[in-house]
Amino acid sequence: MYLYDDLDRTLVTERAAEFRDQVARRLSGELTEDEFKPLRLMNGIYLQLHAYMLRIALPYGSLSSDQMRTLAHVARRYDRNYGHFTTRQNIQFNWIKLAELPDAMDDLARAGLHGMQTSGNCVRNITTDQWAGVAPDEIEDPRVWAEILRQHLTLHPEFSFLPRKFKIAVTAAAHDRAAIRVHDIGLRLHRNGAGEVGFEVVVGGGLGRTPFIGKTIKPFLPKRDVLSYVEAVLRTYNQFGRRDNIYKARIKILVHDLGAEAFAKEVDAEWQPIKDGPLALDPAVVAAVAGHFRYPSYEALSDNPPELAKARASDRRFATWFANSVTNHKAPGYAIVTLSLKPEGGPPGDATAEQMDAIADLADRYSFGEIRVGHEQNLVLPHVAQRDLLALWKALDALGLATPNVGLVSDIIACPGLDYCSLANTRSIPVAQELTRRFRDLDLAQSLGRLHINISGCINACGHHHVGHIGLLGVEKNGEEFFQVTIGGQADENAMLGTLIGPAVPYAQVADVVEDIVEAYLELRTRPDEIFLDTVKRVGIEPFRERVYATR
Amino acid sequence: MTSPLQQKLRITGPVVVTANRLGDGAVIYRTGGGQWSTRLEQAEVVTTAAAATTLLAGATADDINAVGAYVAPVRQHADGGLQPGNLREAIRHAGPTIALPGVI
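If you're matching them up, the sequences are chains A and B in order. Using our numbering, you'd call the opening residue of the first sequence number 1 and step up by one each time. Using our numbering, you'd call the opening residue of the second sequence number 553 and step up by one each time.
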């Protein structure tokens, strides 16, 4: 966990006090809505279909058990007893009253939580690998760099009014779990030929109305230069990004229009004068930030202890969950555990206050008080001793948090859709719920292997449908809900956009269509371990198109 | 951003003016008496662009009680009963179409 210092605490507390004053002035009529709206958005407060929505940043998806208890408290005291974990490692509360928001903000601030920069045309919550710091395949902890960037870019005056919102993701692992190639800036820590560690800098990725995979403009950037280079990218974007058309304002459009090479030249021109200035990172500063991260004092344990082996051999349900939801850890004898927030029939990413409190207790008991949020809308206990896995599983199972479907067909990413969102055209959650029922048979789900379904209720693509193995995009036609279907997308180190397979299908047929696609895959794959994505790459979309539209 | 009052209204059937209540964001409808109600059946229904523009102007001027007023379609039954005119408005009126997870 990163431990806030006095400066961080003062910043968050003062911001909550400012917001209290702003709300009071709005409620008294001193501020008009036009004056107040930018202020509330700067604190993560949207007005949705039925109520205000509060979005809380969980920097790089990391939170303590006490912070989770605070979220449970906010859900219980100020909302309707649940919260929604998002694809951006945030949490949203859907029913907050404006008049009660200052009290909620104070309670959150006491736990070091806030909604700053979770909305508006600024640098949003910086995201990373939910397994950061514990994943065996990473070369170092990417959260240190996410934190350095967070500190520099929080309330940065020059970047508080960018042409449009700006999202940065960082990874340090060979397998990209942070989807860095579909972010405005993606940073990948890697080792060059000389054995030095630095960043690959990817810019101009993004989804939404005009999706692009990011382009690498700097294959290797020394670590000392990461702040100055990101500053140069932001300055270039701030200067040349379009402000005349909201649909063309993201950096991806600028990079596309200029071309990656020309954009890189502009960045370099900005960078050269500042690269050796105050933004050049002193190793002592990096060490100081790294020193604020507290790592557990792991016991000297061995992998696969006898009690674990015995439990796997004797309890099939436990063994299934273990195979699906437990991952290797850097430290011998420990494991990374993913908690599925995708139960059969449940809204993806939602957790009740009771679940949040219970997860906090389990984190204290089994994971050194630490919890992570992943962009797939699941939670993670990052430091679980393998000898404790059986006891943890029993507790999670009782809470409905042990569905062994992580990475499988029913582990669906979905935006809130028209059930909550004022931008949506169609509902997303009921589609996800129906699909989890259709694929409730875990033996079938296991046999299908890795298969990601992503659902967005509108073109803004909060459900990342472009990079779903199967992507569903809701569109409205003459007042009716329809869904466009893409296949073959992926968000990892081989990121690519899915291909549309044909005309949009009616809402009521979406689950049938997905079942048809899955049946076609089962017939087309050449061996059981050929995952859906590989089958699509091998045979193309045509066999799937034929299957879906032959009878429609 | 263009104010709703600067936009030319195209009315093809019965409409009401709706907004969100400032204090809690609840869905509200403009009534004939220049007040707001959470009950659609108390909304004033108009059928012409001129009447809708007037109704919207009054609603928009009430910046202290309501946020984001706009004109929304309704279906009016022979007995005078009202229903929201599209799915978005139906969900605003009746709430999410899914069971809420946190209900205890």
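Since the hints were derived computationally from the structure, they do not count as laboratory data. Where hints are given, some of them may not hold.
Among the chain B residues that face chain A by a calculated CB cut under 7 angstroms, a handful are [said to hold, decoys possible]: (1) N572; (2) I616; (3) N617; (4) P625; (5) P636; (6) I643; (7) A646; (8) I650; (9) L652.
So these bits of chain A aren't anywhere near chain B, every CB distance computed over 10 angstroms [claimed, not checked]: (10) L47; (11) K97; (12) D257; (13) A313; (14) L418; (15) Q433; (16) D516; (17) R527; (18) R547; (19) T551.
Think of the CB as a built atom: it goes at the ideal place given N, C-alpha and C, for glycine as much as any other residue.
Checked against the structure, which of the hints given earlier come out wrong? 3, 4, 5, 7, 10, 11, 14 and 15
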